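Student: Listed below are the residues making up each chain.
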Amino acid sequence: MAEQNGIIQLKDIDVTFHNEGKTIEAVKNVSIDVKKGDVFGVIGYSGAGKSTLVRVINLLQQPTSGSVIVNNQDMLKLSQKDLRKARRNIGMIFQHFNLMNSLTVYGNVDFPLRDSGLSKADRKKKIDRLLEIVGLSDRAQNYPSQLSGGQKQRVAIARALANDPEILISDEATSALDPKTTTEILNLLGRLNDELGITIVIITHEMDAIKQICNKVAVMENGQLIEEGSLLTIFGSPKEQLTKDFVNTSTHIGSVLDEIRDSGIVNKLSGRLIELNYIGDSTNEPIVVELYKRFKVEANILFSNIERLQNTTVGIMLFALTGEDDKVEQAIQYLNSLKVNVKEISLEKEGK
Amino acid sequence: MADLVNKFLPNVVANWEGDNGFVVAIWQTLYMTFVSALFAGVIGIILGILLVVTADDGITPHKVFYTTLDKLVNLFRSIPFIILLAVIGPFTKLIVGQTIGPTGALVPLVIGTAPFFARQVQLALVEVDPGVIEAAEAIGLSPMKIIFRVYLREGLPELIRSGTLTIISLIGLTAMAGAVGGGGLGNMAIAVGYQRFENDVTIVSMLFILVLVFVIQGLGDFAVRKLEH
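If you read the sequences in order, they're chains A and B. Quick note: the first sequence uses the numbering used here, first residue 1, plus one each step. Quick note: the second sequence uses the numbering used here, first residue 353, plus one each step.
If you're looking for bench data, these hints aren't it; they were derived computationally from the structure. Where hints are given, some of them may not hold.
[Claimed, not checked] Straight-line alpha carbon distances no greater than 35 Å define the calculated DSBU-like cross-link-like pairs of lysine-lysine that follow: (1) B/Lys497 to A/Lys81; (2) A/Lys36 to B/Lys497; (3) B/Lys423 to A/Lys28; (4) A/Lys126 to A/Lys28; (5) B/Lys415 to A/Lys124.
The structure displayed is predicted, hence computed values, not measured ones.
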């Protein structure tokens, strides 16, 4: 069987804005290929061009050049009418929910269904089911102003699902929510992906959101896609500096290292500072015990973070190794022989 | 009671009935206000919507159309109403067949009010959250449906507020039009009350206009309260 075509294929997308004589290249030569069933995360700081990029998928943003194939349809060749039809297959949720304040929860979910050709009774059945999926059945007659942020986003999700889209675009949908609500919303999106097989494109500036549900990640900076891969590769072995920054922020190792450098702990530490990154099985070996048994090297654990990403363990550990110099060297060689990434961190205060 | 009225408002009583009396004047003011509000309302809403959707950040941008319309609205808004009444006399005659009386006042009232209301409508609709408009576009709604289902729906409370404001300023214009031949309470206050030194007539005319203004304002506020969630 031939390689399955991606459900979303953006090729060589450029988006250039002209504003008062200034030219802004919001997206520069970006290609992405999202397969059916993926939860594809696009991460970057604000202004990186991620919002502009995902708006190209449903042509809310017309690209300056490039091709947009969604569901094997060349979106740029569609008539206005066909484009509107194609858009119904692409649900979208937003940072600020964008609900109609003049309509109830029920009315908001009904909003995209009014042109669906369904009878009023069928629409009611569908709306009731959608509200049940997002857990808001008892709120049908409330107005958005009476709901919390998380509830508003649930209404927006129900609205986005109304026309049974195959694709759901989430534009910073959790950025205005508190951490607990963020987790709930992400879990809901993950469930939709599992149960309905809906393909999801998420844009965010939070690595935690990506970690929670994405299987693929693209990193954007200054309008360019700088790194792309499966969640495990991006998380386990990030290559670009920005990607490393995002991963470090997420595991907190960045702030721990700063803390060690700034607080003066660094002056009290003896031995060599080692950072270990590992994915999968190697974590099951009791590394610290091994080091002592084999080399009589003591590992003083300063920091450790272990998470389950897509049913695989990904861990980070920071420790100071103390012992006889040659034994420590042997210990490091031993670590290198395991399936782990070993990085020695300079004890000197860097920079300032 | 009757004695009291006779004593303090002799001229009002004398001018109550008849072709140039208060009863007729009140009807003329109501007629001028509501008929011109209806026409100016429709024209203003259409122009206001066109200004919003053809603007640079609108749903169907059109630079030339927008700029032309924008300038026209400004132009008509800049003409002082009392001069407009005189200037468009021939045009008024062409449309309603007369330049005096309440019907003769309709054309200048509509032309004087519609551009003002168009601007109010534009301001009301621009306030509609652009995010909601974007969501409607993402859902696959046509521009026409976005106008009716999103702009006019979400902007309704604000539109009613502007409408109330416009009708109240329109009542002011009917008084002015009345004084130069349109009839109504404005005519009553000036031609009878002021020029014949019958002060009670002037004051009662004003009171009637105030009542009308308060009623309109009250209805508008009530509707907005009902609509806002």
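Student: Now look at each hint and say whether the structure bears it out.
Tutor: Hints, one by one, checked against the model:
Proximity of lysine 497 of chain B to lysine 81 of chain A is assessed by CA-CA distance (about 13 Å); at most 35 Å being required, the pair is judged to hold. With a C-alpha separation of about 31 Å, the suggested pair lysine 36 of chain A and lysine 497 of chain B falls inside the 35 Å cut-off, and the hint holds. In summary, the hint linking lysine 423 of chain B to lysine 28 of chain A is not supported, as the alpha carbons are separated by about 38 Å, beyond the 35 Å threshold. The suggested pairing of lysine 126 of chain A with lysine 28 of chain A is violated, with an alpha-carbon distance near 41 Å, which exceeds 35 Å.
As the CA atoms of lysine 415 of chain B and lysine 124 of chain A are separated by approximately 42 Å, the hinted pair breaks the 35 Å bound.
Hints 3, 4, 5, counting from the list given before, are not met by this structure.
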